[in-house]
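Number of protein chains: 2
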Amino acid sequence: MKNFTFYSPTFFAFGKDTENDAGKYVKRFGGSKVLIHYGGGSVVRSGLLDRVKKSLEEAGISFVELGGVKPNPRSGLVYEGIELCKKENVDFILAVGGGSVIDSSKAIAAGTLYDGDFWDFYTGKRVENALPVGTILTIAAAGSEGSPDSVITKEEGMFKRGASGDALRPRFSILNPALTQTLPPYQTAAGITDIMAHLHERYLTNTKEVEVTDRLIEGLLLTMIHEGPRVIEDPDNYEARANIMWAGMMAHNNSCGVGRSQDWNSHNIEHELSALYDCAHGAGLAVTMPAVFRYVYKHDVMRFAKLAVRVWGCQMDFDNPERTALEGITALERFLKSIGMPLSFAELGAKEEDIPTLVKALCYGDGRTGSISGFVTLDENDCTKIYQMMVR
Amino acid sequence: MKNFTFYSPTFFAFGKDTENDAGKYVKRFGGSKVLIHYGGGSVVRSGLLDRVKKSLEEAGISFVELGGVKPNPRSGLVYEGIELCKKENVDFILAVGGGSVIDSSKAIAAGTLYDGDFWDFYTGKRVENALPVGTILTIAAAGSEGSPDSVITKEEGMFKRGASGDALRPRFSILNPALTQTLPPYQTAAGITDIMAHLHERYLTNTKEVEVTDRLIEGLLLTMIHEGPRVIEDPDNYEARANIMWAGMMAHNNSCGVGRSQDWNSHNIEHELSALYDCAHGAGLAVTMPAVFRYVYKHDVMRFAKLAVRVWGCQMDFDNPERTALEGITALERFLKSIGMPLSFAELGAKEEDIPTLVKALCYGDGRTGSISGFVTLDENDCTKIYQMMVR
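Line order of the protein sequences matches chains H and Z. For the first sequence, position 208 (counting from the first letter as 1) is numbered 208 according to the numbering used here, and the numbering increases by one without interruption. For the second sequence, position 118 (counting from the first letter as 1) is numbered 118 according to the numbering used here, and the numbering increases by one without interruption.
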């Protein structure tokens, strides 16, 4: 195990009706003038936004609003938010939505306290200071509610890049599984896939002797495999959604990823897809993951076999572990298909002729010099082959 | 799943040589005058205390010292520590040791900022305010390095009781697995048993639909079963100790215990043993757990069968799940024996004739009215039978 530090100071309030305490928590964590940041109409239509405002009013907290966050959130709205926060002397940002809203909120939080261009943080500069952020989560997926990360797409060039820093960890996150019950099945499934990707990319490590985090990851994957189909079959299943929601947070606050190198190549390869086609990130990952895994599994057959046996219940083929490793990847594909996820470029709306564009953006975007590193370092040729595997 | 809140704001620095950053972390978390609190001679003999002092000096932080914490830490030294902190205007407590040292530090931290008797916190009053505490952990066991809990024994009557409150969560905890390599095997095994008890007592729940935390607990138990014997066979095995150390923290910071009722009857029943005989807490748990489980398993045979199948690898007897449930308990006993733990009163140095005394202290101590509650409520008669089962 490698040396590491771990810090997850977010206060979590989990369960039914917890969003009604938003005002109380903003107050506890020092906010007096809030920016409520949100996406489209669903939080308005559902009445959630009104409940949140009422809670803030009851706590005597004033607020301004900025809606309009889109999936794969854009830099344009971040600049707008930063300007608004400076003008209105906002001291706390309340994200009401999913990962996109939270990531946009984090970007605004960092940018408001920074004299330069906030995009600096998305090209390598670590975030050391940011306005406090609270979240009211409406989809279990990105894990941004407990993570120090944010992903934003820059309109010029459509680059999708990430920023990181403990200052970006939310002060509090309100997780009410019932708020996710109105999601369309496709979005629920995309969220499930994103969570499973966070787990796979932590599992794919070159670090030896990490049984404790292996076991935690396996446990969370087994939870997703058990609960995922239940919630697709019955969207109103509160209990299944509750298990998925806590698993989603645990999958990405890094308590199960410490002390080991991690792979983020599936995410990196996917980011170019959702940047170019504006597809759901989780759906892109469903197409990306199996291709990446089939391309790299030979670098550590036993790790993939372990995943296949422990998570997918495959029988270990002791004479031919490679067969077991591949069976595990097939099991993942079958699972993703069963919850309604795409598995190919065609199903995603991606085009074979764009592969050179995708590869160039991937391997040379934002200072990269021809490759992406992770479980296996992948160069232009590798990435081209992986995208081609998704065409099928 | 039940509604819950979860807050674990401790900063963890994990790995080799991390204790040399103690001064840096005390400074980061606001300490300027430190009480170094520790136990017996081992931290002195090993040179650890000197390294810690050097680190504080290099960071320009002054300190006073109070050693002498004993296993099952006593109220007498806590009063002494409180007096010292008040006299010396200490603003940060640095615990160098195991759970006993950390728990004693937490008691001093709470007592220093309280006008009344600190024991109030150990008889039901919640801790709302305490001096900040940092820890340098020397044994993986109690989980106090990441928990909001503290257990102290009051000399008058030898009552062993717990206090709790988020204010007792350490600001930082330094976890260097190498520091645990010098432990005698018996202490290492007692620590392993304590960690496994924390997991079992979270697993034993009456709450339905808690797959995510079930799976996390199972994963941590599987880790202990894998790594425990390795470290008993080879005390210098850093990697096995590292896995156990992170599992020990995760087992008790409650990330795997949220949203479910928990059982703490094994701990409660054991506390009377270590209070009366001053035995190692983990050794007491090895004697207590199997007896308690054999006494209560009929209240939820399938839960015990699930534990047996998923954690101990027992074959499910679909015609007779009870047999599987009991096989799991037997597997736990065999495991505990294999790492050198006692399984009976005689091996522990406890006496059958003391059972009435133990039961009285257990069921009527500190405001209890004839029973202890948990997975199953146990009255005097039940507790007597359970202690008798340990005599064998």
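Treat the hints as calculated values from the structure; they're not laboratory data. Check each hint, because a few of them may be wrong.
One copy or any two copies: either way a pair holds, since identical chains are not told apart in the list.
Under the rule of at most 35 Å between Cα atoms (straight-line distance), these lysine-lysine pairs were calculated in the DSBU-like manner [unchecked claim]:
id : residue 1 : residue 2
1  : K154      : K385
2  : K53       : K87
3  : K86       : K306
4  : K351      : K87
5  : K2        : K53
6  : K306      : K208
7  : K360      : K54
8  : K24       : K86
9  : K16       : K54
10 : K208      : K53
11 : K208      : K24
12 : K2        : K33
13 : K125      : K70
14 : K351      : K16
15 : K54       : K87
16 : K337      : K33
17 : K27       : K208
Comparing the hints with the structure gives:
1. K154 / K385: within (26 Å within a copy, 69 Å between copies)
2. K53 / K87: Within one copy only: 21 Å inside, 48 Å across.
3. K86 / K306: neither (51 Å within a copy, 55 Å between copies)
4. K351 / K87: So K351 and K87 fail the 35 Å test inside a copy (43 Å) and across (74 Å) alike.
5. K2 / K53: Cα proximity of K2 and K53: across copies only (26 Å, versus 45 Å in one copy).
6. K306 / K208: Result: close both inside a copy and across copies, 13 Å intra and 30 Å inter.
7. K360 / K54: This pair counts as neither: shortest intra-copy Cα distance 48 Å, inter-copy 52 Å.
8. K24 / K86: both (24 Å within a copy, 34 Å between copies)
9. K16 / K54: within (17 Å within a copy, 50 Å between copies)
10. K208 / K53: For K208 and K53, only the inter-copy Cα distance (34 Å) is at most 35 Å; the intra-copy one is 49 Å.
11. K208 / K24: This pair counts as between: shortest inter-copy Cα distance 30 Å, intra-copy 45 Å.
12. K2 / K33: between (42 Å within a copy, 32 Å between copies)
13. K125 / K70: within (25 Å within a copy, 48 Å between copies)
14. K351 / K16: Neither way: K351 and K16 sit 43 Å apart in one copy and 49 Å across, limit 35 Å.
15. K54 / K87: Cα proximity of K54 and K87: one copy only (24 Å, versus 48 Å across).
16. K337 / K33: Result: close neither inside a copy nor across copies, 45 Å intra and 60 Å inter.
17. K27 / K208: between (45 Å within a copy, 34 Å between copies)
In this structure, the hints that do not hold are numbers 3, 4, 7, 14 and 16, in rising order.
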